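Let the hints inform the model, and build the full structure from the sequences given.
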Amino acid sequence: MGARLRNIQARAAEHGRLRTGYTQGNRPMRSSTWVITSHSEEHVRTAAALWGGEPEQWSPLNSTISQWRVITKASSIEALITPGDPLNQYNEMWSKGGCQRRCDGETELLTRQPCLCARQFGEDWHTQPKGRVCSTTSRLNVMLPELTGMGMWRAETHSFYAAQEWGGMVDMVLAGTDGKGFVPVTLRIEPRQRVANGETKKFPVVVVELRGVTPRQALAGPMNAAQALTPGASGQERPAIEAPKGRDWVAEAEGALTSDDVRDLWMEAQHAGAVHPQGQDPLSKQLMAIAARKDTEAKAAASSVGEPMPDEDGAIDAEVVDEPGEREPAGWPTAAAPGSGARR
17 MGARLRNIQA RAAEHGRLRT GYTQGNRPMR SSTWVITSHS EEHVRTAAAL WGGEPEQWSP
77 LNSTISQWRV ITKASSIEAL ITPGDPLNQY NEMWSKGGCQ RRCDGETELL TRQPCLCARQ
137 FGEDWHTQPK GRVCSTTSRL NVMLPELTGM GMWRAETHSF YAAQEWGGMV DMVLAGTDGK
197 GFVPVTLRIE PRQRVANGET KKFPVVVVEL RGVTPRQALA GPMNAAQALT PGASGQERPA
257 IEAPKGRDWV AEAEGALTSD DVRDLWMEAQ HAGAVHPQGQ DPLSKQLMAI AARKDTEAKA
317 AASSVGEPMP DEDGAIDAEV VDEPGEREPA GWPTAAAPGS GARR
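Numbers in the working numbering are just positions in the sequence shown, counted from 1, shifted up by 16.
Derived by calculation from the structure, the hints in this document are not laboratory data. A quick note: this is a predicted structure, and the numbers were derived from the prediction, not measured. Some hints could be false.
Restricting the straight-line Cα-Cα distance to at most 30 Å, the calculated cross-link-like pairs of lysine-lysine (DSSO-like) are [as the list claims (entries may be wrong)]:
(1) Lys146 x Lys89
(2) Lys146 x Lys112
(3) Lys196 x Lys315
(4) Lys112 x Lys196
(5) Lys112 x Lys218
(6) Lys315 x Lys301
(7) Lys89 x Lys218
(8) Lys146 x Lys218
(9) Lys89 x Lys217
(10) Lys146 x Lys217
The following block contains the structure:
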């Protein structure tokens, strides 16, 4: 891997935003389905093909820069939490002049004073009318695997109640993965209502929930990209290190004709969840040793038979030599079991 500048933070480009509202003229409107906005017409048209809606050009309030958006027909979309901490949360107050307050819940970070909203209105400050106090703002960066590009999409909510759930969900996942690997999730807009002072208030909340995996799987450690992209495809738990009952991988390796057959068997064991993808488990090491021994046996046999004989058409099979690492499966150390080139 190449070098990186140490005085900047590497991050993926932001492709667009996932919103729960839109503007109709100058009037803000809530949406029960996802609204996807981007500077890229291609991204928005692809999103419309996937989740419905009509792509249109659009300019945010107080901006002259045109973007694209689609008000989809989907209240749920599939996403991936990527490595690192994808969530940041602040209580913020904005005006036409920019951000006036940004608070971490205890300290207003621009002035370094104690939380102004709590000091003025108490612990229930969030029930005050919008504009009088800060908005609880949560920003979650996710990848949308069905859209082109390797960049991030930012889901943003100003819901006080969603902030509690997002923080709890993401922190539990990070506790299991240590911020490494990918986690498949569903972002779902869920209608809620709250009764206070005799009044019923209805509002949407964005729920982040695991998709295709159980809590046991999500908390068991980092998940590789292939597992995250097709969660639950095998209907099994995360790959185990020990071989499933009913199949003796070592005996099959011993009965294989060539080292390439053993490598193919290792790939089957990986798909069946019997070995670790990086090949650091005991079964993988046994299979590597068997492959290495068969390589040695094949070379000894070849040196004792002399020149190869032509076949019935007068042709002689050319020896195909693997480039370093070309034939080796991921996680298979080349030094432990060099390729014999016996079969293609």
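Status of the hints after comparison with the structure:
1. Lys146 x Lys89: holds (28 Å)
2. Lys146 x Lys112: holds (15 Å)
3. Lys196 x Lys315: violated (42 Å)
4. Lys112 x Lys196: The hint is violated at about 38 Å.
5. Lys112 x Lys218: With Cα atoms ~28 Å apart, Lys112 and Lys218 stay inside 30 Å; holds.
6. Lys315 x Lys301: holds (21 Å)
7. Lys89 x Lys218: holds (20 Å)
8. Lys146 x Lys218: holds (15 Å)
9. Lys89 x Lys217: holds (24 Å)
10. Lys146 x Lys217: holds (14 Å)
In terms of the numbered hints stated before, the structure departs from hints 3 and 4, listed from lowest to highest.
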